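Participant: Each residue of the sequence shown is one higher than the one before, starting from 1198 at the first, in the numbering used here.
Simulated from the structure, these hints should not be mistaken for laboratory data.
Any given hint might turn out to be false.
Unchecked claim - Okay, the calculated beta carbon distance ranges per label pair:
(1) E1499 to A1418: 19 to 29 Å
(2) F1207 to R1306: 48 to 58 Å
(3) D1434 to N1312: 42 to 52 Å
To be verified - Below, computed lysine to any residue pairings styled on SDA-like, alpha-carbon distance capped at 20 Å:
(4) K1401 to G1382
(5) K1401 to R1355
(6) K1240 to V1211
Predicted model, so just to flag it, every value in this text is computed and none were measured.
Virtual Cβ for every residue (Gly too), placed ideally from N, Cα, C.
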Amino acid sequence: MRNQELRQRFAELVIPPAWEEVWICTDHQGHIQATGRDEAGRKQYIYHERWSLVRDYVKYERLRLFAEALPTLREKVAADLRKRKLTRRKVAALVVRLLGETLIRIGNRQYAEENESYGLTTLHDEHAKIKQNDVTFEFRGKSGKEHEVALHDKRLARLVKACQDLPGQHLFQYLDEEGNVCALGSGNVNEYLRSVTELDFTAKDFRTWGGTVSTAHLLHAAGPANEAKACDQTIVDAIKGTAQALGNTPAVCRSHYVHPAVLESYRDGSLFQIYQATAQTYAEDQHGLDLDESAVLAILRERRI
1198 MRNQELRQRF
1208 AELVIPPAWE
1218 EVWICTDHQG
1228 HIQATGRDEA
1238 GRKQYIYHER
1248 WSLVRDYVKY
1258 ERLRLFAEAL
1268 PTLREKVAAD
1278 LRKRKLTRRK
1288 VAALVVRLLG
1298 ETLIRIGNRQ
1308 YAEENESYGL
1318 TTLHDEHAKI
1328 KQNDVTFEFR
1338 GKSGKEHEVA
1348 LHDKRLARLV
1358 KACQDLPGQH
1368 LFQYLDEEGN
1378 VCALGSGNVN
1388 EYLRSVTELD
1398 FTAKDFRTWG
1408 GTVSTAHLLH
1418 AAGPANEAKA
1428 CDQTIVDAIK
1438 GTAQALGNTP
1448 AVCRSHYVHP
1458 AVLESYRDGS
1468 LFQIYQATAQ
1478 TYAEDQHGLD
1488 LDESAVLAIL
1498 RERRI
């Protein structure tokens, strides 16, 4: 390649100026085109456009499988929460239930130690305020953003309080077979998900599912748009609402946490037809999903990327 061609290719990669230890693939068709370390020292990747399309297909097809597995997962979580002792399995089930209810990130031990940013499994006792049937989680999350997430549920409040009462600073802890108090980690939660679903789901799937369902709900509530400009604005507003719930920017939310089939179904009007058809059968056959979730699953089954 001539130098001019190289310069053009490097420019098209749009590598952030702040990256250090930058590596660029010699093959312009390689699936990883470049890597580097951001200002926080985290390794970042730039993928080939075609690889990104394949990756997105796998990610969003995975969401349909996740939705289909949810009813059974919820049944098993409920059964584990009825167990008496605070075993690792029970506390993992509690965190899984909270993932679905709050959409809080799972948490990373390294982030908590280095940046004092927290997720569910890295919360400390002080981050949970419990008052009768209410639990409020107050903590600093990713990128230093302050979060306050309230939950009204008598049973969950009681279980969180039981974890909080165990000695130690970590909120979600369990008792092992010898009676030792152990902190629950994100790996324990993902292991629980795999054992229950027999599929390779992780805590992050809850946020993708929650973001997609939230957006569908907001679009349905907004009603049909009469023209393209109004349609675009309604989608923008729905994404903003979902981003606020997830604690992300709208751009990140749209790129990573909302299935494009939901947006497409709003544009062509089929979202409302699917909601109507789902509502007619919902009362007699829920399959463990609420109305919004059932409608979204129907959209995902009808539309494959």
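Participant: A separate judgement is required for each hint: does it hold in the structure or not?
Facilitator: We went through each hint and held it up to the structure:
1. Between E1499 and A1418 the CB atoms are about 21 Å apart, so this pair conforms to the stated range of 19 to 29 Å.
2. For the pair F1207 and R1306, the supplied restraint of 48 to 58 Å is violated, since their beta-carbon distance comes to about 36 Å.
3. The beta-carbon spacing between D1434 and N1312, approximately 32 Å, falls outside the hinted interval of 42 to 52 Å.
4. A distance of roughly 14 Å separates the Cα atoms of K1401 and G1382; the hinted pair therefore holds under the 20 Å criterion.
5. Between K1401 and R1355 the CA atoms are separated by roughly 25 Å; this puts the pair beyond 20 Å, and the hint is violated.
6. The suggested pairing of K1240 with V1211 holds, with an alpha-carbon distance near 16 Å, which does not exceed 20 Å.
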